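**Student:** With chain A fixed as given, assemble chains B and C onto it according to the hints.
Chains as they are written, first to last, in our numbering: chain A, 1 to 416; chain B, 1001 to 1982; chain C, 2001 to 2095.
Just so you know, these hints were derived from the structure itself, not from any lab. Computed from a prediction, not measured in an experiment: that's the story for all the values here. Mixed in with the good hints there might be a few duds.
Unchecked claim - Chain B side only, calculated, beta carbon under 8 Å to chain C, not exhaustive:
1) Asp1158
2) Asp1161
3) Gln1436
4) Glu1702
5) Arg1719
6) Asp1869
7) Val1874
Stated by the list, open to error - DSSO-like mimics (lysine-lysine), calculated; alpha carbons at most 30 Å apart, straight line:
8) A:Lys217 to A:Lys29
9) A:Lys10 to B:Lys1136
10) A:Lys266 to B:Lys1942
11) A:Lys400 to B:Lys1136
12) B:Lys1162 to B:Lys1268
13) B:Lys1868 to A:Lys400
14) B:Lys1162 to A:Lys10
15) B:Lys1497 to A:Lys407
16) A:Lys400 to B:Lys1867
17) A:Lys266 to B:Lys1104
What the hints assert, rightly or not - Okay, the calculated bits of chain C under chain A, using three or more residues with CB under 8 Å as the criterion:
18) 2047 to 2061
19) 2065 to 2076
20) 2087 to 2093
Ideal Cβ placement from N, Cα and C applies to all residues, glycine included.
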Amino acid sequence: MPYSGFRVIKEALSGHKGWTPAWRDPEPKPHYDIIIIGGGGHGLATAYYLAKEFSQHKIAVIEKGWIGGGNVGRNTTIIRSNYLLDGNEPFYEFSLRLWEGLEQDFNYNAMVSQRGILNLIHSDAQRDAYIRRGNAMLLNGADAELLSVEQVRREYPFLNFEDARFPIKGGLAQRRGGTVRHDAVAWGYARGADSRGVDIIQNCEVTGFRIENGQCKGVETSRGFIGAAKVGVAVAGNSSRVMAQAGMRLPIESHVLQAFVSEGLKPVLPGVITFGAGHFYCSQSDKGGLVFGGDIDGYNSYAQRGNLPVVEDVIEGGMALFPGLGRVRLLRMWGGVMDMSMDGSPIIDRTHIDGLYFNGGWCYGGFKATPASGWCFAHLLATDTPHPTATAYRFDRFEKGRMIDEKGMGAQPNLH
Amino acid sequence: MSRLPTGGQIDRARKISFRFDGQYYKGHPGDTLASALLANGVRLMGRSFKYHRPRGVLTAGSEEPNALVELRTGGRQEPNTRATTIELFDGLQAKSQNAWPGLKFDALAINDRLSNFLTAGFYYKTFMWPAAFWEKLYEPIIRRAAGLGSITTKPDPDLYDKGFLHCDLLVIGAGPSGLAAALTAGRAGARVILADEDFRMGGRLNAETFQLGDVAGAQWAAQAVAELASLPNVRLLPRTTVFGAFDHGVYGAVERVSDHLLTPAPGKPRQILWRIYSKRALLCAGAIERPIAFANNDRPGIMTASALRTYVNRWAASPAEAVALFTNNDDGHRTARDLVAAGVKVAAVIDTRTDAPALQGVEVLAGAQVTDSTGRLGLKSVTVRQANGQSRKLDVGALGVAGGWNPNVALTCHQRGRPVWDGAIAAFVPGAELPQGMEVAGAALGQFSTHAALHGGADGARRILADIGISATAADLPQAEDAPVNITPFWHVGGTKRAWLDFQNDVTVKDVKLAHQENFRSVEHLKRYTTLGMATDQGKTSNMGGLAVMAELTGQSIEATGTTIFRPPYTPVAMGVIAGRSTGRDFKPTRLTPSHTWATEQGAVFVEVGMWLRAQWFPQAGEKTWRESVDREVLATRASVGVCDVTTLGKIDVQGRDAAAFLNRIYCNGFAKLAVGRVRYGLMLREDGIAMDDGTAARLAEDHFVVTTTTANAVPVYRHMEFARQCLWPDMDVQLISTTEAWAQYAIAGPNARKLLQKIVDPGFDISNDAFPFMACGEITVCGGLRARLFRISFSGELAYELAVPTRYGDALIRRLMQAGEEFDVTPYGTEALGVMRIEKGHATGNELNGTTTARDLGMGRMVSDKKDSIGTVLSRREGLNQPDGLRLVGFLPKNPQARVLAGAHLLEPGADMTAANDLGYVTSACYSPNLQSYIAIGFLKSGENRMGDVLRAASPLTGEDTEVEIVSAHFIDPEGERLRA
Amino acid sequence: MIINHPLLGPCDAQEFIYKGDARLIDRPDGMIEGAEAAFFDYAYLRDNPAGQHRELWFHEQGDRSWLVVTRNTVTHEITHVELARDVARKSGQSA
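Bound-form chain A, shown alone (with noise of 0.2 Å):
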């Protein structure tokens, strides 16, 4: 059932009663062509992708929860392009215009807003990374603009520019960066799969793989064995715990990344904005929440919630930066666990196991990169060859010795 502006005013003037589910509950088919591991954003994007661009079919989506109860359903919502490094750059511009397109193609609003990201500048030496790097857009086919301190502030003339310990020098606006309203990805791409025959079943934990001679059979699950040609694993957060069921050991930790809330305002910020001397990021959400975020904890969690140390941390620069939220108050808080990877990059490949792919290691940059991510984990799936634009996401790139490493802090997952 499309949906439109008109069938909602149908609806609303025959009391709704032609709603129906935006996706069925089926029960687990004994075998899959490809078999989903993950009701997240990432996963359910590759279904809906296999089933709608590789014309695959007999395709599940196994969830041990509810779907887009993961990161999908608890980040800070921000799109965005603006990367350095040739490995990640264009995988991440893909993305950017697959959101471009994203509510016409699997029709459902997930108010895609492109109200522009900036990056503040602060030092010269920060200008001169922001230089290189928004020159990498550019050269990438990407949007990226250099603002001077005087045109920063013309645009957010409420930040510090007076007092501040750290003064605004500049920034890097990305024009076609944004925000989108998370849960609707989720439920956007649920939808479109459901409707292309995918099956999605949730409450259905995956407690083991069936290998056989180096094989890939199919998964053990709460529900019983369900058999696939193909295992596909997007369980970022919790890749460790699910990849050792297959006895693989990964290059990532799993840490807590925080994410915060204040109260509704009246429309304040126009867009997304990054502190450069401090961890803080903000936007305002349609409801009128600032949603805001910063560093991660810093140690190894599973626990999907943080302490105050970093909340003072990211708080404390939001005040260096915009003074004005002294007032606003913080209405809620809360975790999510991110794998994060040795270089700061992700990974989407095959294993040694034959039929069982990966995709994962997504640091705290998952969310923008959902569309490309299902996209290119289902290009993978589909033809066993990496999409154009993810072939630098290989396992053995450390082995190596090609790490995509776009801050450059090495094997130390909690700086990246």
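**Tutor:** Then chains B and C, alone, in the frame of chain A:
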């Protein structure tokens, strides 16, 4: 009628004046804004989020979803402030929010008429065409309509503080259980903190009429508080909300020190963030009454029954002359009794239970339900469907709704504990997995009677204290009511009209039904799809109702349906208090160099370098641009002598028998054989083979080295070396200490550097070129006996030294150097000139050591010794780091000397398309060289060592530069190093 | 969080810097045959358990000890704290 003639815990002798929406009113000390408005006959206080429905108070506490106002003005304007928690003060100004042009007539109330189109999630199904209209048209309209209150964006003028508190037992909530617990623990000598969000401790005791022993409940509470205040081991924190339970017994709390004043007293904070470190905590947070959903149950005047009772009992404020009650349990009857006793006319008690008990003097309509209400800006009547099916209208101005009580379990969920269903009281109670060290007592645990709460608190405290080795005697507790809970769960009245569950976010029973119909059935989907419980009250009054409706629709029990959990903060917390004093220039500490005072006297311009402030350049009279100053400093240094404060570079003292062997493993190049009195350049790799930091190591003695690091890496390098020492080679005889701040260090550079130094180095120390050649070091004395260290090292490429003295002599030394250097026209230079000279010399620094470059990339591949096992050697051999077309550090000279080359520009072949496929590398550092009278730059180029003499483009489409550059050696000046050996 | 330092008693975790899995103590010998594979495993692969985790914390704002903390990554409960130097010696690291 509004203020009752007697009663209430208000100071009737004093009147205070306040304004709401421009109108002046009077209240009394002890009032909240909400109670004072009700006492003035004002029921309409706000508008709802989505439909802009007129609203009054629903509650009398911090769980209030409706009565949100903008408090104060200017930089102090505080949006979304609950009228129910604002302690009234003289001169208070508040205005309503989310209403235009005004509270009584709000244009956006049109949304209410369109509600049939604006159902749960309608926006996901529309506004998609044409695509460009979302940002331009739809979204701006939605954003303007959404939001609640507003801020002025002016800086908040108030101060905030932070502090730490420690205790044996933190008691959260000062109602009967909390007071009993605090008394028990306090009398036993334990260190106790008792925190309560209210300005008057006592909890429900202040809102009830019953006796404790032979005194009124409120009086007993006051006596208990007085006793606690007299105990030196007890700290009372009224007006303090414990907002979060963090790991290992750490709690976050905000004390509202000055929010009950017009402005904070001079120098006093508005609020304090307390980080409370507790051995144990007892949660005595009470319970929150929940409403029952029925058609139009959101009108001003309809509130929870306990709120109605509280307004009458505690504040002697009755919202209306005639009221009614709607209940499914006995507690609703208690409200009726209290109201009657206070002289309020109770039209009827509408009890959903067919077996409802009778009440003296009040008509009880058993088995009846409220089916609708009237009164747009304030309740006028309710319609009741009686047990016999007949409809009856009651003209009342207020309706108290008693749907049962929910234990206030919020803090028990902060570490993801899940509450469990207790059918006996029809509510969720704390689950088994509580935050470490937390226990729960009283109504928060489902112990609803006062007797049970008192004993639960006292017993809980005794049990906890015993566990941490403090014995407490049984408290002497007064007799108190012990009424059982009699409730027949009833969640919503059926019907086709809208019945509100979440008042603030306008979520109705219909929305839950739609969510169910569309398969958003898990509680998390329900919450996210309908926005149930996502408002500023975190669903304290709404989640339960929504859950019950969903359970009914799915045919599952409530426990099978599940529950969402609460997140910190318990109630919203001002951002200002979490930041404390770390704002403005105090955001981070400022580190000053030893020459800072002197440099300030010289009029230096300073720049932030990490936490440090360093002199960037020293403008002289007549210089109009920074370039003029910097060019002069560079030329003067290279022509004669310059001095620069380089104290910020990291210094690590390395001592011990194995010091040389240790450094030999830390640096990729060899250090084992460095002679005493010599310095060597060293490159450290990370274990992954990437360059980490560079610097020098000076061997002052057989067992003593001084290592320098870059300014940025001083701390990480020290940490790394300690890791190697303690974790990798624990038996090496080596000790480390950071001495960055112990020594003031100056670079003295230029052809006259030695002559200058010879004037202050004490006789007896020969620093001639023969005796003290390039890369020599030694411990000397200067200025007549001052202990110093001298290193003949050069960052500028000139004949240069670095001279270190104990930091307290740093100021004196710079003055002495300048004085001694007068005859050579000595020039102080800042970080800009330092940077220009190091680029001229081709030295790598942070821009080149960017965490992705190898020794080989930096042109130092041969330094990596494969004869030893030093950190990073093995992984530096990986193929990806040793590609023949890998990046190499080279220099760039623009064909047009005056054409700017920009750091961050990318390198492309002339004529190549501006695409990533043609990207050959990037410029890392660039400057104007006054010596070459040309812009120069260094950076990384693919196969750079094979491209010398080629011409490429340094293109920066971002900034519009596109400059032809010749590839040259990165060493622009004195490539053979003759100057530094002079 | 609070870390019970074996020498100093309970200290706020804010005083510490976190590094990661305590297996980073077991640095392979760089001079042996096959060192590259051993170092790849050492530097890049992690068990990353959901549960008990032995991990390295540096008391940067304190006595500069490296500690091995045994902490549950699901509950954050800390059950054991040792000096990393002692752990390193026990696991055979010497000079």
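**Student:** It remains to establish, for every hint, whether it holds in the given structure.
**Tutor:** Hints, verified against the model:
1. Asp1158: Where the cut-off is 8 Å and the nearest Cβ of chain C is about 26 Å from Asp1158 (chain B), the hint is violated.
2. Asp1161: violated, 18 Å
3. Gln1436: Status holds, d = 6 Å.
4. Glu1702: violated, 18 Å
5. Arg1719: With a closest approach of 6 Å, the Arg1719 (chain B) hint holds.
6. Asp1869: Constraint on Asp1869 (chain B) satisfied, holds at 3 Å.
7. Val1874: holds, 5 Å
8. A:Lys217 to A:Lys29: Within the cut-off at roughly 14 Å; holds.
9. A:Lys10 to B:Lys1136: Holds, because 25 Å separates the two Cα atoms, which is no more than 30 Å.
10. A:Lys266 to B:Lys1942: Answer violated: Lys266 (chain A) to Lys1942 (chain B) is near 51 Å, above 30 Å.
11. A:Lys400 to B:Lys1136: violated, 48 Å
12. B:Lys1162 to B:Lys1268: Holds, because 12 Å separates the two Cα atoms, which is no more than 30 Å.
13. B:Lys1868 to A:Lys400: holds, 22 Å
14. B:Lys1162 to A:Lys10: Distance of about 56 Å is beyond 30 Å: violated.
15. B:Lys1497 to A:Lys407: Given pair Lys1497 (chain B), Lys407 (chain A) is violated - Cα atoms ~56 Å apart, limit 30 Å.
16. A:Lys400 to B:Lys1867: This hinted pair holds, its Cα atoms lying about 22 Å apart.
17. A:Lys266 to B:Lys1104: It holds: about 20 Å lies between the C-alpha atoms, which stays within 30 Å.
18. 2047 to 2061: Since 6 is at least three, the answer is holds.
19. 2065 to 2076: holds (count 5)
20. 2087 to 2093: violated (count 0)
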